[in-house]
Amino acid sequence: MQISREQFAHVGLDQERSQAIVRPSMTYWQDAWRRLKKSKISMISMAILVLLILLAIVGPLTNGYTYFDTNLTNVDKEPSAEHWFGTDTLGRDMWTRVWSGARVSLFIGIVVTLVESIIGILIGGASGYYGGKLDMFIMRFVDILSALPFLVLVILIMMIMKPGLMPIIVALAITGWMGKARLVRGQVFSLKEQEFVLAATTLGASSSRLILKHLIPNCLGVIIVSMTFSVPANIFAEAWLSFIGLGVNPPQTSWGQLAAAGAQVFQTKPYLMFIPAFFISITMLSLQLFGDGLRDALDPKMRK
Amino acid sequence: MLRYIGKRLVISLITVWVLVTLTFFLVRLLPGDPFTNPKMTPEIKANLNKYYGFDKPLPVQYARYLGNLARFDLGVSMKYKGRTVNGILKTTAPVSADLGIRAVIFAVSTGLLLGIIAALNKDKVLDKLTIFLAILGVSIPGFVMAAFLQFIFGVKLRWLPVAQWMNPAKGMGFEHTILPTLCLGFGTLAVFSRFMRTSMLEVVSTDYIKTARAKGLSPLQVTVKHQIRNAMLPIVTMLGPTIAALLTGSFVIETCFAIPGIGRQMIIAMNNQDYPMILGLTIFFGVFLIAMNFITDLVYGLVDPRIRVAK
Numbered sequence: 023m024q025i026s027r028e029q030f031a032h033v034g035l036d037q038e039r040s041q042a043i044v045r046p047s048m049t050y051w052q053d054a055w056r057r058l059k060k061s062k063i064s065m066i067s068m069a070i071l072v073l074l075i076l077l078a079i080v081g082p083l084t085n086g087y088t089y090f091d092t093n094l095t096n097v098d099k100e101p102s103a104e105h106w107f108g109t110d111t112l113g114r115d116m117w118t119r120v121w122s123g124a125r126v127s128l129f130i131g132i133v134v135t136l137v138e139s140i141i142g143i144l145i146g147g148a149s150g151y152y153g154g155k156l157d158m159f160i161m162r163f164v165d166i167l168s169a170l171p172f173l174v175l176v177i178l179i180m181m182i183m184k185p186g187l188m189p190i191i192v193a194l195a196i197t198g199w200m201g202k203a204r205l206v207r208g209q210v211f212s213l214k215e216q217e218f219v220l221a222a223t224t225l226g227a228s229s230s231r232l233i234l235k236h237l238i239p240n241c242l243g244v245i246i247v248s249m250t251f252s253v254p255a256n257i258f259a260e261a262w263l264s265f266i267g268l269g270v271n272p273p274q275t276s277w278g279q280l281a282a283a284g285a286q287v288f289q290t291k292p293y294l295m296f297i298p299a300f301f302i303s304i305t306m307l308s309l310q311l312f313g314d315g316l317r318d319a320l321d322p323k324m325r326k
Numbered sequence: 018m019l020r021y022i023g024k025r026l027v028i029s030l031i032t033v034w035v036l037v038t039l040t041f042f043l044v045r046l047l048p049g050d051p052f053t054n055p056k057m058t059p060e061i062k063a064n065l066n067k068y069y070g071f072d073k074p075l076p077v078q079y080a081r082y083l084g085n086l087a088r089f090d091l092g093v094s095m096k097y098k099g100r101t102v103n104g105i106l107k108t109t110a111p112v113s114a115d116l117g118i119r120a121v122i123f124a125v126s127t128g129l130l131l132g133i134i135a136a137l138n139k140d141k142v143l144d145k146l147t148i149f150l151a152i153l154g155v156s157i158p159g160f161v162m163a164a165f166l167q168f169i170f171g172v173k174l175r176w177l178p179v180a181q182w183m184n185p186a187k188g189m190g191f192e193h194t195i196l197p198t199l200c201l202g203f204g205t206l207a208v209f210s211r212f213m214r215t216s217m218l219e220v221v222s223t224d225y226i227k228t229a230r231a232k233g234l235s236p237l238q239v240t241v242k243h244q245i246r247n248a249m250l251p252i253v254t255m256l257g258p259t260i261a262a263l264l265t266g267s268f269v270i271e272t273c274f275a276i277p278g279i280g281r282q283m284i285i286a287m288n289n290q291d292y293p294m295i296l297g298l299t300i301f302f303g304v305f306l307i308a309m310n311f312i313t314d315l316v317y318g319l320v321d322p323r324i325r326v327a328k
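In order, the protein sequence lines correspond to chains C and X. For what it's worth, the working numbering labels the leading residue of the first sequence as 23, then goes sequentially. For what it's worth, the working numbering labels the leading residue of the second sequence as 18, then goes sequentially.
Mixed in with the good hints, there may be bad ones.
Stated by the list, open to error - Pairwise CB distance ranges (calculated):
| no. | chain 1 | residue 1 | chain 2 | residue 2 | range |
| --- | --- | --- | --- | --- | --- |
| 1 | X | 233 | C | 39 | 15 to 25 angstroms |
| 2 | X | 145 | C | 235 | 55 to 65 angstroms |
| 3 | C | 84 | X | 35 | 21 to 31 angstroms |
| 4 | C | 42 | X | 233 | 53 to 63 angstroms |
| 5 | X | 88 | C | 273 | 31 to 41 angstroms |
| 6 | C | 296 | X | 175 | 37 to 47 angstroms |
| 7 | X | 230 | C | 217 | 14 to 24 angstroms |
| 8 | X | 272 | C | 80 | 48 to 58 angstroms |
| 9 | C | 217 | X | 122 | 32 to 42 angstroms |
Just so you know, these hints were derived from the structure itself, not from any lab. Glycine included, every Cβ here is placed at the ideal spot set by N, Cα and C.
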């Protein structure tokens, strides 16, 4: 077949069109989500976390038992078709108790971690960025608050507020943000001397924009690691408070309390400890793996 | 620099004073009072109140406490009759500090090493292994860990003593320190290894690492001189409070291993509303923490010369 010159039309160079952006532009978060979706491990761990939260919501309703009904003719039973996780020393159904405990533990773990992280990030970010007198003042305040006896603070908060989950959350959040503030402050100290901050300042970025858009996103790596550790730390802090009578009251329970109660009898009835301990560990594992994936996805330097 | 240190010392003193004042008045707000024995007659109670100076108005008590504190006198314990707070601190603090130093050295060196190994082998088997170690370290509470180790190494294998701290006078040596050190340090080890891994990965994609590579430095030199040094920053931040926390004792570990340290004292003091003890321990811990954070701020400049906290 012969191809002749006439069959082609000369299009020429269209400045407008060659400069046009064909692919849709993505925000930072869209891009991060796209990269997170590519990581199989992150997606699996996210699915496990969602599943755990769903089980915490519906779990206590599935087999007709309640977390507080005792049955003294049916105590210390091993896991069976009737009681999926067995029964405890008062004959209460462990499946129901594990999942109603999950409600308390996951709620406290997640909410307290979010609250203390937000407070810590904002205060630490401002302290590190402005430095000088403000930093000195904030950091001495942090010193005092971290040195005050934890129990004194907790008891005073419990006195002021109505008993329940709220005072526990407030007490843990008030005593928990200082570590994150110091961490973010230290990172910001180093980051604010780097070239991209100078560039942003030269372009006229305001202080709040610099802190929120440039400095804090660059600290996210350490913040995420510290958050993945805060969740179990808060779950156990609640268990410890319950142990000395300041946490959630029996018959209400939590994973930490169940594990602590199970640890007392682990040589004779290991399942009482291993079941709650297993769920705490699997939450931890998923959080760590998800945290790793999230860190990679949020790191703008790893963008391809 | 010297001026900054001087200024910080003055501010630290003020910080300690605020801490003392706050604690002094906050503990008085707690419900209950130190003398709750039902057998106690009102006369005995009045006498006790007089002995400890609680019959005076609160501001007078406060002024007197500050006066004594200026002479480093922390008062007399109410739970341990006739023992001074200073005396109790002197006997218990060194034991906790000894255990704490061992735990810090063990946890930080192993944690950093594991973190570095994990970062250099990102997403490979070694990396995943450190994740599991971290999970073990964080999801097993101290008392469970202590019980397990005591059961395995103390009861089953009989390799190590179950409890008690070393006491050369009674022939109890180094083997008494191994299990408590492991238990106390494990959580810190887990945290430090994860932070080090993340921090190493943050640094690896920076321009100065590229420059260092382009200069033709060996991979070892790039890792040691550039990557690790720059990754140390969050570790330095956490080191201060961690050292303060580990050296001032742990309630759980000291109870599990029957170690006569300072960690149990705060809980005992709180349970008995032993005001002088609560205050004394708070001041002790507070001074330690403030000093550690002070040192941290100075060390920032060594790790990253761009940082100047002192201005």
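Comparing the hints with the structure gives:
Hint check: residue 233 of chain X to residue 39 of chain C, Cβ distance near 45 angstroms, so the stated range 15 to 25 angstroms is violated. Range check, residue 145 of chain X to residue 235 of chain C: Cβ separation about 34 angstroms, and the 55 to 65 angstroms hint is violated. Judged by the Cβ atoms, the range 21 to 31 angstroms given for residue 84 of chain C and residue 35 of chain X is violated: they are separated by roughly 53 angstroms. Separation of residue 42 of chain C from residue 233 of chain X is about 43 angstroms and departs from the stated range, judged on CB atoms against 53 to 63 angstroms.
In this structure, residue 88 of chain X and residue 273 of chain C break the distance hint of 31 to 41 angstroms, their C-beta atoms being roughly 52 angstroms apart. Distance hint check: the CB atoms of residue 296 of chain C and residue 175 of chain X are about 25 angstroms apart, inconsistent with the given range 37 to 47 angstroms. Look at residue 230 of chain X against residue 217 of chain C: about 19 angstroms separates their beta carbons, and that is inside 14 to 24 angstroms. Checked against the hint of 48 to 58 angstroms, the pair residue 272 of chain X and residue 80 of chain C fails, with Cβ atoms roughly 39 angstroms apart.
Roughly 37 angstroms separates the CB atoms of residue 217 of chain C and residue 122 of chain X, a value that falls within the hinted 32 to 42 angstroms.
When each numbered hint is compared with the structure, violations occur for hints 1, 2, 3, 4, 5, 6, 8.
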